Structures are given as C-alpha cells and as structure tokens.
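Using the sequences provided together with the hints, build the complete structure.
Line by line, the protein sequences are chains A, B and C.
Those letters in the first sequence? Residues 0 to 377, by numbering that gives the first Met the number 0.
Those letters in the second sequence? Residues 0 to 328, by numbering that gives the first Met the number 0.
Those letters in the third sequence? Residues 0 to 147, by numbering that gives the first Met the number 0.
Because the hints were derived from the structure by calculation, they are not lab data.
One thing to keep in mind: the hints can contain errors.
Said to hold, decoys possible - Listed below are the simulated DSBU-like cross-link pairs for lysine-lysine, each with C-alpha atoms no more than 35 Å apart in a straight line: (1) K66(C) / K304(A); (2) K90(C) / K298(A); (3) K60(A) / K101(C); (4) K304(A) / K70(C); (5) K60(A) / K330(A); (6) K298(A) / K121(C); (7) K96(C) / K83(C); (8) K304(A) / K330(A); (9) K40(C) / K147(A); (10) K40(C) / K96(C); (11) K59(C) / K130(C); (12) K90(C) / K330(A); (13) K88(C) / K304(A); (14) K32(B) / K208(A).
The structure presented is a predicted model; accordingly, all values stated were derived computationally and were not measured.
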Amino acid sequence: MQLETIKAPGSPTEGQETFVLNLGPQHPATHGVLRVKLTMDGEYITRAEPVCGYIHRMHEKMGENRTYAQFLPNTSRIDYLSAMHYTHAFVGVVERAVGIEVPPRAEYVRVITSELNRIASHLVWFGAFLLDLGGFTPLLYAFDDREKILDLLEGITGARLTYCYYRFGGLYNDVDEAFLTGTREFVTYMRPRLDMYRELVTGNVILRKRLEGIGPISAKTCRKYGATGPVIRGSGVAHDVRKVMPYSVYSDLDFDIPVFPECDCMARYLVRMEEMAQSLRLIEQALARLPAGPFVAAKVPRVIKLPPGDYYYAVEAARGRFAVRVVSDGKEIPYRVKLRTPSFANLTLFEEASRGMMLPDALALLGSLDLVIPDIDR
Amino acid sequence: MTLSEPYRLFFYLFGTMAFVGLNAAYLVWVERKGAARFQRRSGPTEVGPAGLLQPIADALKLLSKQVLVPPEADRTLFRLAPVLVMAPALMCLSTLPYSERLGARDLNLGLVLVFAFGSINVMAIMLGGWASRNKYAIISSARIVSQNVAYEIPMLLTVITLLMITGTMNLREIVEQQAGGFWNWNICKLTANPLMPVTFVIFFICMLAETNRAPFDMAEAESELVAGAFTEYGGMGFGVFFMAEYANILVGCSLATILFFGGWQSPIGVLPGHLWFLLKLYALIFTVVWVRWTFPRTQFYRLLNLSWKVLIPLSLVTLVLTSAMLKLF
Amino acid sequence: MKRALRDLLTGFGSLLTGMRITLQQFFKPPVTVHYPHEALKMPARYRGHILLVRDPETGKSLCIACKSCEKACPSDCIVVEGIKREGDKKKSVTDFKLDFTKCSLCGSCVEVCPVDALEFSKEYNLASTSKEAFYQIDLVKRVEARDP
Chain A
0 MQLETIKAPG SPTEGQETFV LNLGPQHPAT HGVLRVKLTM DGEYITRAEP VCGYIHRMHE
60 KMGENRTYAQ FLPNTSRIDY LSAMHYTHAF VGVVERAVGI EVPPRAEYVR VITSELNRIA
120 SHLVWFGAFL LDLGGFTPLL YAFDDREKIL DLLEGITGAR LTYCYYRFGG LYNDVDEAFL
180 TGTREFVTYM RPRLDMYREL VTGNVILRKR LEGIGPISAK TCRKYGATGP VIRGSGVAHD
240 VRKVMPYSVY SDLDFDIPVF PECDCMARYL VRMEEMAQSL RLIEQALARL PAGPFVAAKV
300 PRVIKLPPGD YYYAVEAARG RFAVRVVSDG KEIPYRVKLR TPSFANLTLF EEASRGMMLP
360 DALALLGSLD LVIPDIDR
Chain B
0 MTLSEPYRLF FYLFGTMAFV GLNAAYLVWV ERKGAARFQR RSGPTEVGPA GLLQPIADAL
60 KLLSKQVLVP PEADRTLFRL APVLVMAPAL MCLSTLPYSE RLGARDLNLG LVLVFAFGSI
120 NVMAIMLGGW ASRNKYAIIS SARIVSQNVA YEIPMLLTVI TLLMITGTMN LREIVEQQAG
180 GFWNWNICKL TANPLMPVTF VIFFICMLAE TNRAPFDMAE AESELVAGAF TEYGGMGFGV
240 FFMAEYANIL VGCSLATILF FGGWQSPIGV LPGHLWFLLK LYALIFTVVW VRWTFPRTQF
300 YRLLNLSWKV LIPLSLVTLV LTSAMLKLF
Chain C
0 MKRALRDLLT GFGSLLTGMR ITLQQFFKPP VTVHYPHEAL KMPARYRGHI LLVRDPETGK
60 SLCIACKSCE KACPSDCIVV EGIKREGDKK KSVTDFKLDF TKCSLCGSCV EVCPVDALEF
120 SKEYNLASTS KEAFYQIDLV KRVEARDP
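Shown next as structure tokens:
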C-alpha cells in the first residue's frame, strides 16, 4: 500500500544549525502536562522527545496498598474522560478471577453507560482538536451535547466525571425510568447533530486541506509501538477489543468497527466520528434488550480475596485498549496492579511520526492521537 | 450646510478620530457578543446593561498596565510602530464618503490613496516585530509581510476590474454612478462583468487576509507556540495594535460598501443616506465576525498558495472578461 | 483543469454550508445558566459530602459506631467513636468526623453501612473562610441541626 505524503514546500536542510524549542508542560495544545522537547531546524522538527511524568500520581503503587474495593475510585481517575471503561476493566478482572456472575441487566446497563461515556469522550476530543486547529465554535457545540450525556449520567450515578458506578458483580444502584427515557431522547437528538458536524466541520475544505495527508502513521509503526484504538484503526487494521476479545455482552450486539486505510490525520478523525454513530447504534440495541432483574449479583463476598495468580482483563476504552493485570498472592490487597493505558503507547510513536514535519502539522498529529496525559503518567 | 474651512477641518479631525475610536472599542463588543451568540452563549453581560460598558473596562485595564520596552529593543521604532499602524486607518477614512455631504476630502485619486496607506500598515507591523528584537516576533512579522503582499495583488486586480466599469477613482463619483435602485449597485452590474459576485468574493477574502483576520490570522494565532508579532507589547501598546486591527476592518468594509454595494444609495428611498451606509457597513462587519468564528485556520503555505494559485488567476480572468464585455457591448 | 475548478466550487460551497449552520445556531437561544443569578437543580442522587441520616423519632442519627465506613474508606477520611449507653441494645455514636479534603465521593461508606445511616448531601457550593467547613466536618453536630 502506497503512502502518499504531501510534504510542505521545502524540507529540512542538512547540516543546518538546530535549536531546541520546548513545547512546555503548560501549553494549550498538549491537553495536559506533557512536555515535548523539539529540536527544530527552522520550521521543521528534526527530533521530538516527549517527556512525561509531570502528573504521575502513583496509581499502580496505590493498588498495592488498598483492598480491591478501595481501589475503585482510582480507576475513574486514570483517564477521567472515559472513566466508565476503566472501572469496567478493574471490576471485570476481579469478577473473572473470583468467578462472580454478573446479572444480564447489569451487563446491559454497563454497555449503555460505557457507550455514552465513549461518545462524551469523543466529543471532548472533537472540540479540543478543532480548537487546536483554530476553529473555536464546534467546541461549544460539542460541549453542549456532552452536557446532555453528563446530566443523564449524573441522574443515575450522582457524579459528572469520575463516576465510580460499577461494583463487583454489578452496579452501585439501578437505573431509573428517567434515565432510560432520557437516553432514548438523547439518541434521537444526537444523530442530526452528528450530521451537522459532518457538514460544518468534516466537509469543510479548510479542515480537509489541514488534515488530509498530514501525519501518516503506517500500520507497521502502530504495531511496533503497540498503538491501539482509533490510531490503529485509522491505519487500516481492524483491531477492536470488543470484536477481538469480546467482553460483557458485546458479542450479542450488532455493530461495525470503522476502519480507514489512509493512515493520515483525516482517517483517525473519521474513525472517531464514525465510532460515535456506532455507539449510538449500540445504545439503541442495549436499550431495546434491557432485561428486568437484579442489578447486582446475589452472592458477592464481603471481603474480596483473589486466588493466587495472574489475571488480565482488557476493554476498548475511548482511546484504545485499556487492560488491567492483577497479580494476587491470596490476600485482600493485590500484590501488583498493572494498568496498560492506551495513551502511553500512542504517545511513543509521536517521536518517529513527527520527524521532518512542520510545527503546526505536528500539533495536528498530536491532536489526532487523542492523548490524555494523566492516562500516560497514571 | 457648508462650514468654512477651519471649522470643517476641526469637525472632520475630531469626527474621524471619535468615529474610529468608538468603533474600535465597540467592535470588540460586537465581536464578543457575536462570537457568543454563534456559540450559543451569552457573552459579556455583567458590566453595564448587556455588557455595553465592557470595552470601557477593557480600555481602563489596558491603560493601567505598564508599557514595558524591552532593553535590547530599538526604542524609537518600538514606540513608533503602534502609531504607524493606527495612522493609515485614520488617513484612509479622510477619503471615504459616508453620505452626499459627509466626506472629509473629495479626492480624484481617493481609491489609490486607500491602497497606498494600506501598504504603510504592512510596513508598520514589520517594524513592530523587528523592533522587538524577539526571534519569534520577527518570524511572525515576516510571515505577515509575505501574506499581506501576496493578497494585495488580487485585491488590486479586482479594483482595476471595477475601475474599468466606473472609469473614475473618485469615490464620491463611484457611489453617485450607482444611484437609482439596487440593481444599479456595482455588484449587480452583470452586463459589464458577469462574474461580479466572484469579484466581490475575491475582494472580501483579500480584505480578510490584509487585516489578518481568521481564517488568515497567522499573526495572532500562530501563538500555538508563541505570541506572534505583538509579543513584546503590553498595556496600551498592545491596545493600539488591537484598535488598529478593528479600524482596518472598518476601512476595508467601508471600501467594500462603496465599491460594490452603492455606498449611501438606498434601495427604497426612505432613510437618509448615511444611515444606509452604516447599515451596509455593519452588515459586512457582521459577516467578517461570522467568518472568523466559523472556520479553522489554514496552514501558512496553503494561504500563500490560495493567493498565488487561485485568487490571482481568477481575478485576471474577471479582468479580461470585463474588458471584453465592455469593449463588445 | 476541470477537476481543479470543480474542487474550487465544492470547496467554496462547503464554506457557505458552514456559515449557514453557524447562522442557524446564532438565532437559537443561549444555553447558559447565569450562575449566581440562576442555579440548576441538583438531581436526587447527587453526590455531595456525606451526612448522617436523622432518625425522625429520636432526633438523633441511626449510626451504631460499627466503624465499617471507617474501614471501607480508601482515603482514611472518617473517624467514628461511639459508646454503648445503659439500657441501649446497640452503640450510639458520639463523634463522627469527616475529612472532606481527602474524600473522593466514591460512596463506599454509604454502601457498606449496615443501618443506612449515611447519605449524600446536595451541597456543591462549599467555598468557606473557615477550616471546619471541610477539614474535620462534625457530622454529629450537623445531624442534630438538620430539619426533621
């Protein structure tokens, strides 16, 4: 497959004196505290070295000092924009290890809330990405839609961002009728809004010229660095944890994975826009199939102790594959909690992908990777 | 009522400065409220009714800040640059007629004067960036110069197209030729130039680029990284640059109204001339604000490509077409 | 040549479509809730800091000072003390301090309480000039001051 790069006129000249520019920890375009040391030759980047760790909060260490139930609030805070997925992975690994059977109503509610959270996360990405490119208005429209999701989730969980909603064996509390009606209304409201974004933003010639052909990342590079999520799906590889290693009730639901082969920023952009539409489809199906019943398993041990061993659970979070690996030695406190976060892998390919790019294009590439820095540093 | 010469000078001097000052301040309010409404928000509401005193609060804030001249900067040029950016806008307004009787000077070369002063504007921004002795300011101001020079050419070509139709450079006469209903406005003169709306669009785009407005705002917003040509300016130094930007928009939109939309001519003879002029002027300014808040920014080389590869050929085409039509019909 | 012209026209058309959409949004009402002058209603399950539930009969809290919440809290926010008075079947609480500066609103304490003595408040407006508003919130004092 030929990768066509549209290069900016001129190119980095050999042997020119380079200078180091610091895309410092405080910067509007890095969406968090990420420092990138850019070695630049005039306008072109010869080397980009990301320096992370400015927001390292020691979640994995905290996992070694807290019981399984006490670690739950941490899971929402690793990547606060798609908190439901992260809690899902952690409760999933414990349920898988202990053998707790989650009732179907809880599984379907988990799917609904996870997909709502995915849409909310993609809306934040959409607004922030366009803000980097200079279009200020779609941010506000996206946040208006996101408010509706946050109000729905606040109605059942009580929180807007760090939900801490799932428990071992099910949910914290049941959903009420207001949530179900509200979600149905939201799905009918959101579809025309996605069409509006397509007309206003995706079809816009300025945006297309800004993103098409910029920042090519081949599938080989993605595999080399372990990039997952929309990054690898924008490079032509149909890899989605919900299809490859289905969890929860995703194997019973009918949805497509958007894959675009062009490998440029536009492909990653289109993958995320399509994912929002597919999430709406999933929510509709889950709402239709929602069974009555208990929202939490009947027999959940009061004190959770995992049998000694090594357990793993992966979910498709908004940014890619998030996985929890718990090593237990039989006590109520885990021996080791390893969090495999998608943004870390997605960030590491920035160094190779940004060589020789002009600075605004590199910033567009950084935006299209959809990094959340607390996710990188944990 | 004709005034004698000294009173006339006085009236136009203070009138122009007051008009520009008031507009520069309140166009900020229009921009903020307009941006807010496009984004489904409310904009400034606290200071004064509907936020009308907000520009005064902003002006007081800017006035109270220290104007720091960087130690290595060229002091004279650094202080001169904001003045030089504001002055051409004020000078251009001396040639623009706002109604049959409101017009500071009725010059036969009014149109050329406006573009001459526009070029001084470019040089002044370059001086501002150069005098700052700041690496990034220089890069930014160099970009602004190349952008402005690139876009002056299609602008002048469209104006030449118009000149062939009007036959005069006197702005008052240009407006007087468009009398008698809106089908006589230059934008509707399709018998002379079938691509007249295209000419207007080219002129509008060039005006946006000349005034460094989005989507061509490389100067201010390449501050993805650093703050652009005005990095070292603080307090009122920055305030004057800011006001000058709005004054330039004012001049650009006034010129567009005069050249294409009939100046003070009213489509229905109800209101006095200057009110129609202001109505058209503010409609165009609203469009400028509208365009800013709708589109993302282009990349720098695409901006220049747009000018050299798209706008110049198009304006040459309209020029040739107009001359052909005028010769044949 | 033809393709370039067609690209130009579709490109320009996309710009006009974008402007039409923003103009439509211009005429819709703003969604802002002007906060100090207007306020949103908190949903029923909103998670503010915890409060002791007031028993309508006795006017005191239902807490039996079993310290389950203290053990369940991930952030060591709760300190509970209680005594068993003469003639009572269960302990009653004498001291319940919440360190809200560390609380993450996870709800484990509310969930684990065997007598449902804890609930979330709806307070979100917590700016204060005194430390007692968040540092060691005295919930026993607050429960006695609550409306029945």
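Status of the hints after comparison with the structure:
no. : hint              : in the structure
1   : K66(C) / K304(A)  : holds (21 Å)
2   : K90(C) / K298(A)  : holds (29 Å)
3   : K60(A) / K101(C)  : holds (18 Å)
4   : K304(A) / K70(C)  : holds (16 Å)
5   : K60(A) / K330(A)  : holds (16 Å)
6   : K298(A) / K121(C) : holds (32 Å)
7   : K96(C) / K83(C)   : holds (19 Å)
8   : K304(A) / K330(A) : holds (6 Å)
9   : K40(C) / K147(A)  : holds (15 Å)
10  : K40(C) / K96(C)   : holds (28 Å)
11  : K59(C) / K130(C)  : holds (25 Å)
12  : K90(C) / K330(A)  : holds (31 Å)
13  : K88(C) / K304(A)  : holds (33 Å)
14  : K32(B) / K208(A)  : holds (30 Å)
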